[in-house]
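Could you build all of it, start to finish, from the sequences and the hints given here?
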Amino acid sequence: MNALPSSRLLWFMSGSIGLIALPHAWHVPPLLIGFFGLMWLWRLLAIARPAWLPNRWGLFALTLAGIGLAFSQHRGVFGRDAGTGLFVVALGLKLLEIRGKRDVYVIVYLAFVVAATQFLYEESILMALYILLVCTVLLATLVTQNSVSPQTVPALKTAATLIVQALPIAMVLFVLFPRLEAPRWSWLDADNQAKSGLSDTLEPGSIAELSLSAELVFRVKFDGDLPPPAQRYWRGPVYSLFDGSAWKAAPALFRAANPDQPAFGGRAYDYTLMMEPQKQNWVFALELPSAFPAGLRRNELYQLTTNKNPGDRAEYRISSTPAYNTGGISPAERRENLQLPGKPSERIRNLIAQLRGTEASPEVLIANLLQHFHRENFRYTLNPEPMPERQVETFLFERRAGFCSHYATAFVYLLRAAEIPARVVGGYQGGRFNTVGGFLEVRQADAHAWAEVWLDGKGWVRFDPTAAIAPERIEQSVNVDLQIASGAANFSPIQLDAKTLTWLQRGRQLWQNVDYQWQRWVINYDTDNQKALLQSLGIDDFVKLGYWLLLSVGGLSGLLAWRLLRPNRRRRDPVLLTYRQFCDKLRKAGVDFGPGDGPQTLAQRAKTVRPDLADAIDRIAAVFIRLRYEPGAETGDLRTLKTLVRGLRV
Amino acid sequence: MDVALDRLIAAANQIILGKERQIQLAVCCLLAKGHLLIEDIPGVGKTTLSHTLARLFGMEYQRIQFTSDILPADIVGSTVFDTHKQQFKFHPGPIFKQMILADEINRATPKAQSALLEAMEERQVTVEGQTYALPQPFFVIATQNPTNQIGTFPLPESQVDRFLMRIELGYPSRQAERELLAGQPRHLLINALAEALSPAQLVELQQAAASVYASPALLDYLQAILAYTRQSPDFVNGLSPRAGLGLLAAAKAWAFIDKRQAVLPEDLQAVLPAVAGHRLNAGSSDSVGIVAPILAQVSVH
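First to last, the protein sequences are chains R and B. Note that my numbering gives residue 262 to position 262 of the first sequence, counting from 1, and the numbers run on in steps of one. Note that my numbering gives residue 1213 to position 213 of the second sequence, counting from 1, and the numbers run on in steps of one.
Keep in mind that a hint or two might mislead.
Unchecked claim - In silico BS3-like cross-links for lysine-lysine, where the CA-CA straight-line distance does not exceed 30 Å:
1) K1259/B x K642/R
2) K343/R x K248/R
3) K248/R x K279/R
4) K101/R x K157/R
5) K308/R x K279/R
6) K607/R x K1259/B
As the list claims (entries may be wrong) - One side of the interface only, derived from the structure: several residues of chain B facing chain R at Cβ under 10 Å:
7) Y1213
8) Y1221
9) Q1261
10) L1264
11) I1294
12) L1295
Since the hints were made in silico from the structure, they are not lab data. Where a beta carbon is used, it is the ideal one built from N, C-alpha and C, also for glycine.
Okay, here's the thing in structure tokens:
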């Protein structure tokens, strides 16, 4: 019973343990994973040379060292990282202490736990598949452990069969079993590690940095058709404080409120917005959100914020109306949006005077300013030379090359200098349409900055000076920034439509769609979703839920048991099928026989029960034996057999 | 030819009363070119059966009575110095005969047993570096007492595997015993037996038996049986590939005795206890009981 496990089992087990620990290498501290790796290698070497294993005292010392390491890395054993680290270290230590079957069981079960902890870090579909695969290998270890003559491939096959059989039950439990929400694992550790994205400060280079990132920010699925590309502005933070080089959002406490609620007109777009994990609690809605769920808030700057943990993926139903009027402006707000870092220089005032001409209306100034950007030799680039001092002037009069935030900054600066309230808005523009899933994917590279100007009677109106320079950036769903950054394109328009999509792009879109559905239906399945689903099924209390669970799990198990236990009917040989009909008829006639009875035995027994049918039974048995066991049966024999069996009346 | 075989079996049934099945199995074993092991308590007719078969098949035979002090040299022969010719000369032992009756094989020490069993496997004998071929055909019919009897050395599993079949005789039925008691002494009857087949005829029959057709469907069933014994927790070891070959050869011979040109599942089932019983559980004499779960569980179709 307590014999030492065979080396085949040890290899198998070590292999599966290695596979389990592999993805942990990305987040468990190097010291701990190194410790585990050492134990693991030690175990591998000791398969060939068991004498190299540490004795009791050595093991004790190693255990102390492992605990010390785990504690030094996390200062405790609570929380996601510390707990996972501890499990990994324990798994490594237990590998060195195998004295019998019992220890193998302990290791395998511990390995299942370690495999599950992986989901505290990553919930992607790929990781789920990987863990499922690893679980198969672990199960195969158990199969090997309990097999008299273990063989690798059959053990893996058995394990895979077990997994496939268990999956439906797991799915039912996933859907029906009450979901445990608290504690939110991701809240145990404050891990806002390095999620890139927009922040409440707009530095000159920040958007250029983002433009190289293909990281997904959110997905949008429109109920009907999509808004035209020129209207796809996803509103983020609003910047109104300028210090000469960087923009800051006004602190919420001192934010000047707009006296009027925005008025909406024209058509509204309904859509589902699915946010990827974010650092900030911002929700990037299409300008301007007119209706949104209760968990969201539209602040004074018309930006949506959520009260949920932004580190989780979340899904919102939002309605936006591109035609809007925000109404009046309060004196405080006007003051805030005319703020300038010092007095504008002579050159700037001259430029404004020149652009304003004889008219005093802001609209004319704006139109002339955009004309100016368009006509004069301004260029769009993601790699402008640094402009350390007097950024706006250097940009306007000397370099004339920059990207969206430079243009927005210059635009807002000039308008403010002309006493027109204006501000910079950050967010995302455009997005790539996934033809497979029918949704827009918006990535960090789509980050954008544009301007908003308050006009009398119209409220805050969006102007995008970048569109005057590089209309491709706005009008097309191509990621110009990314292309420019990689040197792949300049400003010749790039045609990219559905026809020219390569299989690679199609594959990527397909995958994005699978991932989207996974997020939507599996990861986002929380207490609320479950409650809604259960109520739609008519389950309103725990007793009913219990019945449902019992019925569905019991039904599935029964189905499986029936499939496993019923006589094997897989083969499709017409001879056998006809013979089975014969068997069924005999069984109906009261002949008792088992699976191990051959045709002659069967015929003998049938004749004693039904002597009246002896002739027919003998002929059927003879033809069947000729077809199945004798050489040179003819095709006519099968017809004869069929006729005989059909003619048998019991 | 077939008639000769029928006559042989009929004649044997005249000597050993009420054991038709065992006699048919024994003949089947010889047709399939296998060695035969007869196991039972003393006095039920093991020696008589082997003696009868040897007579009927008309082969030159030799009986070796195994005792606890028999030596390998007593079986295979020894080299003796010839004083006339001034050189060593090999004196062949009793094993150099076509048919060997190894009586009470498990009373001998393992050393002596293995001398016989090696000869059975290799069909040759090596003495002091010289190899001597055994005659053709070469058969061993061994008898042994049940292993729980005092003074026996049970054959190890690896050696039991060399015997194609193991059959048990058991007590005779009431009627058979009455005939036995009322009839003539058996050894007189055996001495009076005429040979029913010549060795050359036997070789022909063996070839004819080996050419019986085994269909893919039958091989499926055979493989299912083999797989079952390898997976089932009832058996410590499953049947070996050699056992599978033996099963097929025996089933062909069984079909041949039944005058059929194709093997049926029933043929396999008939020889299964004798061929598989001692391989699956050497400690038990109940071959039929050992293979009963196989027959019940493995589906024919």
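Quick rundown of the hints versus the structure:
1. K1259/B x K642/R: holds (28 Å)
2. K343/R x K248/R: Status holds; Cα separation ~19 Å.
3. K248/R x K279/R: holds (17 Å)
4. K101/R x K157/R: With Cα atoms ~22 Å apart, K101/R and K157/R stay inside 30 Å; holds.
5. K308/R x K279/R: holds (12 Å)
6. K607/R x K1259/B: holds (22 Å)
7. Y1213: holds (5 Å)
8. Y1221: holds (8 Å)
9. Q1261: holds (7 Å)
10. L1264: holds (6 Å)
11. I1294: holds (8 Å)
12. L1295: The hint holds - L1295/B has a Cβ within 10 Å of chain R, the shortest such distance being about 5 Å.
Hint violations for this structure: none, all hints satisfied.
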